[in-house]
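Position chain R relative to chain P; hints supplied.
Residue numbers (the working numbering), protein chains in the order written: chain P, 214 to 346; chain R, 5 to 296.
Hints are not guaranteed to be accurate.
[Stated by the list, open to error] Straight-line Cα separation of at most 27 Å, DSSO-like style, residue types lysine-lysine; simulated pairs:
| hint | chain 1 | residue 1 | chain 2 | residue 2 |
| --- | --- | --- | --- | --- |
| 1 | R | Lys152 | P | Lys316 |
| 2 | P | Lys319 | R | Lys144 |
| 3 | P | Lys319 | R | Lys205 |
If you're looking for bench data, these hints aren't it; they were derived computationally from the structure. Computed from a predicted structure; not experimentally measured.
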Amino acid sequence: MTEKVDLNPIIAKILRYGVVISSVLIALGTALLLAKDTPSGFPESINQVVSEDYGRPTTNFHELLFQVTNFDPLGIITLGLLILLATPVVRVAASVFLFALEKDWKFVIFTVVVLSILLFSIFVVGPAEAHAR
Amino acid sequence: MVSVDAYILYTLLISVLAGLIGSLVGIGGGILVVPVLTLLFGVPIQYAIGASIVSVIATSSGSASAYVRDRITNLRVGMFLEIATTSGAIIGAVLTLFLVHSGLSWIVYTVFGIVLIYSGYDILKRRNKSDTVVNQTPDKLSNYLNLKGSYYDSALKKEIVYAATRVPAGMGIMFCAGMLSGLLGIGSGALKVLGMDTMMKLPFKVSTTTSNFMIGVTAAASTGIFFIGGYVNPILAAPVAIGVVIGSFFGTKVLVRTRPSSLRLLFVAVLAVLGIEMIRNGIVLSHALGAL
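Just chain P, same shape as in the assembly:
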């Protein structure tokens, strides 16, 4: 235990920065959405948002980047939501390395299992549900 790495501050930082950055982006996008003139075809009501699936997040990274650099409110909100989703995933990924630094191989395995479950949900189950709609 001589070269014990302290996990706590690093993990606390990941969680805090992730939430702060995503909250700022979501708030900025929402403020822009309220302030900007609405583009033609913008839904009149919340029912229309749902029935038209308006603003459905793009899963194409280049398209998202284009939206964000053009200050598209919904693109900025989507980026914020994505960072929020990524925060726990990054936290788990960081834990894999931190447990490895502590040479706690049992927990490296457990953490890799959790990370795999998360990636499975995002890259396998999510697309399957999108396809099933």
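Chain R alone, transformed into the frame defined by chain P:
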């Protein structure tokens, strides 16, 4: 017909209140989001769940960072149990979408209503924090898995040493908690705490902080499905996420030591009313199904 602007402003306001009262009473504000969006604004339940689960990640990660720094959270216990909660969350999310697409969303409404009413009951009868009998000697499994630790209790002014017991049963409860979280888009922290303090005999403080730590990762598993599946709409989800974050921030930072019982009773009443409404909605939907 609610306009987009009105939806954003009302939802923002309601979510701030939900996050504020939620953190004062010690329950995630997310549990109010789905009933409000479905009953008040007519949002389809799968989209309401998608909006809610995002806010659950935000509040969990925000508050967990403070406790992780305080070193009360047991990272190993959390990481290990997350194997069960994330698997459960995937099953729950897939089950919800299956029910909705099969025209059985009344089941989701009804389960949600029952959980709301039970949460109210749980707040009312919540026992003293010192009631938990803390286990100190590790059994074979918790020793092998290193699920033990100690923390300095500032109220008792002493070091509390603890070790988990009945790990498999605890895992079972965690799987159920994860499933409920994915099914309804809530944190299901109460069930996680039950699994740790009642089943595994961990100290109450360790249970609550570790539960909070796990809620974010659990929610990420189902959010991945709802987000990529297209059920997290940015317009619907944004005011919820910001509102709940702002509300729970003030709830934990500013008003940390005020827990008036009248506020608790009010919250329990709100939970009961929303619970009954959700069940009523479920019954109406199931009858509509029978009439077809």
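Against the structure, the hints:
Proximity of R/Lys152 to P/Lys316 is assessed by CA-CA distance (about 18 Å); at most 27 Å being required, the pair is judged to hold. At most 27 Å may separate the alpha-carbon atoms for a hinted pair to count; P/Lys319 and R/Lys144 meet this at roughly 15 Å. Distance restraint check for P/Lys319 and R/Lys205: the Cα-Cα separation of roughly 23 Å lies within the 27 Å cut-off, and the hinted pair is therefore satisfied.
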